[in-house]
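Student: Given chain A, work out where chain B should sit, using these hints.
Protein chains: 2
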Amino acid sequence: MKILLITEDRSDDSEVLYPLYRMIEEGFEVEVAALSKKVISSKYHFTVEADKTVDECRAEDYDGLILPGGSAPEKLRLSKAALRLTKEIFDAGKPVCAICHGPQLLISAGVVKGKKATCYPGIADDLKNAGALYEDAPVVVDGNLVTSRRPQDLPFWMREYVKLFE
Amino acid sequence: MKILLITEDRSDDSEVLYPLYRMIEEGFEVEVAALSKKVISSKYHFTVEADKTVDECRAEDYDGLILPGGSAPEKLRLSKAALRLTKEIFDAGKPVCAICHGPQLLISAGVVKGKKATCYPGIADDLKNAGALYEDAPVVVDGNLVTSRRPQDLPFWMREYVKLFE
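Protein chains in written order, with our numbering: chain A, 899 to 1064; chain B, 899 to 1064.
Incorrect hints may have been included.
Since the list gives no way to pick one copy over another, a pair counts as held whenever it fits inside one copy or between any two copies.
Only pairs whose alpha carbons sit at most 30 angstroms apart, straight line, appear in this in silico DSS-like list of lysine-lysine [unchecked claim]: (1) K1014 with K1026; (2) K1061 with K992; (3) K941 with K973; (4) K973 with K900; (5) K900 with K1061; (6) K1011 with K936; (7) K1061 with K985; (8) K1026 with K950; (9) K950 with K973; (10) K978 with K941; (11) K973 with K1011.
Hints were generated in silico from the structure; no laboratory data involved.
The following block holds chain A by itself, in its conformation from the complex (with noise of 0.2 angstroms):
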């Protein structure tokens, strides 16, 4: 399995380390994918290198996708390759989560409307807004979606994500 993982600066550093170390624990390969080529820093300490820019992946090249949170979202969601990617992988059926801010990128990637999700609840509103059908609970899945809150919820996302690999 080959699963890209977007991100960017100023992302939480737990909602980038513990999926892309529990992916390689799963034997999966994963590619970090970033607006330019570089060390994305977290917004604390951990960070990893970019092994290429949203602009360079295509989307049949991945069996899945991950979007942390943090900040990064909020710059990703304005990059058209990045909605595109997270549209395609998402349109092919194959497993996407994202948790805590990760869900502004599904939202302007147009994916969720009448699909059960949850997210960072001060954004809540906006998931709600793009016609998700909002659950707050720790993770929630809806076919191939897999969403949750905060770092804490950190161990159900990934339970439920792996799931769907098997």
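Tutor: Only chain B this time, still in chain A's reference frame:
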């Protein structure tokens, strides 16, 4: 399963949060113990509340032990209660894992002699001098003992640790 994680202030963030969340993801109960009952602050941002002090813990209540790194183990190895817990859980053949500086507790608890193990390179000589069969590898498994070198080894460390409960 009920797992004990022993740490203190100035632990490495990822070395506490990854195994903590990973055990929760696995459906295990985790109790966190420190020298005193408090909110434990990792080096950069992550915090976790100590459920108990090491003095309050009884080895027989746990099915496994996790020893993260950072500067925490240098403080913990001065605690007789922490060393007693480590030795009793180890000697009972229950799965024990340590990463980075975590093996400092294994050294002081006197459990590494003749065991294959790894650790942060800066304390490799100490592990060797304690009689361990040191290996420079992402993860080293010897019976009920799983050790790793640094945060980047977390996926391999936890992959092997989880296997011991299967």
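Student: If a hint holds in the structure, say so; if it does not, say that too.
Tutor: A quick look at each hint next to the structure:
no. : hint             : result
1   : K1014 with K1026 : within (10 angstroms within a copy, 54 angstroms between copies)
2   : K1061 with K992  : both (13 angstroms within a copy, 28 angstroms between copies)
3   : K941 with K973   : both (14 angstroms within a copy, 28 angstroms between copies)
4   : K973 with K900   : within (24 angstroms within a copy, 41 angstroms between copies)
5   : K900 with K1061  : both (15 angstroms within a copy, 23 angstroms between copies)
6   : K1011 with K936  : neither (34 angstroms within a copy, 44 angstroms between copies)
7   : K1061 with K985  : within (21 angstroms within a copy, 36 angstroms between copies)
8   : K1026 with K950  : neither (32 angstroms within a copy, 41 angstroms between copies)
9   : K950 with K973   : within (16 angstroms within a copy, 42 angstroms between copies)
10  : K978 with K941   : within (24 angstroms within a copy, 37 angstroms between copies)
11  : K973 with K1011  : within (22 angstroms within a copy, 52 angstroms between copies)
Hint violations for this structure: numbers 6, 8, all remaining hints satisfied.
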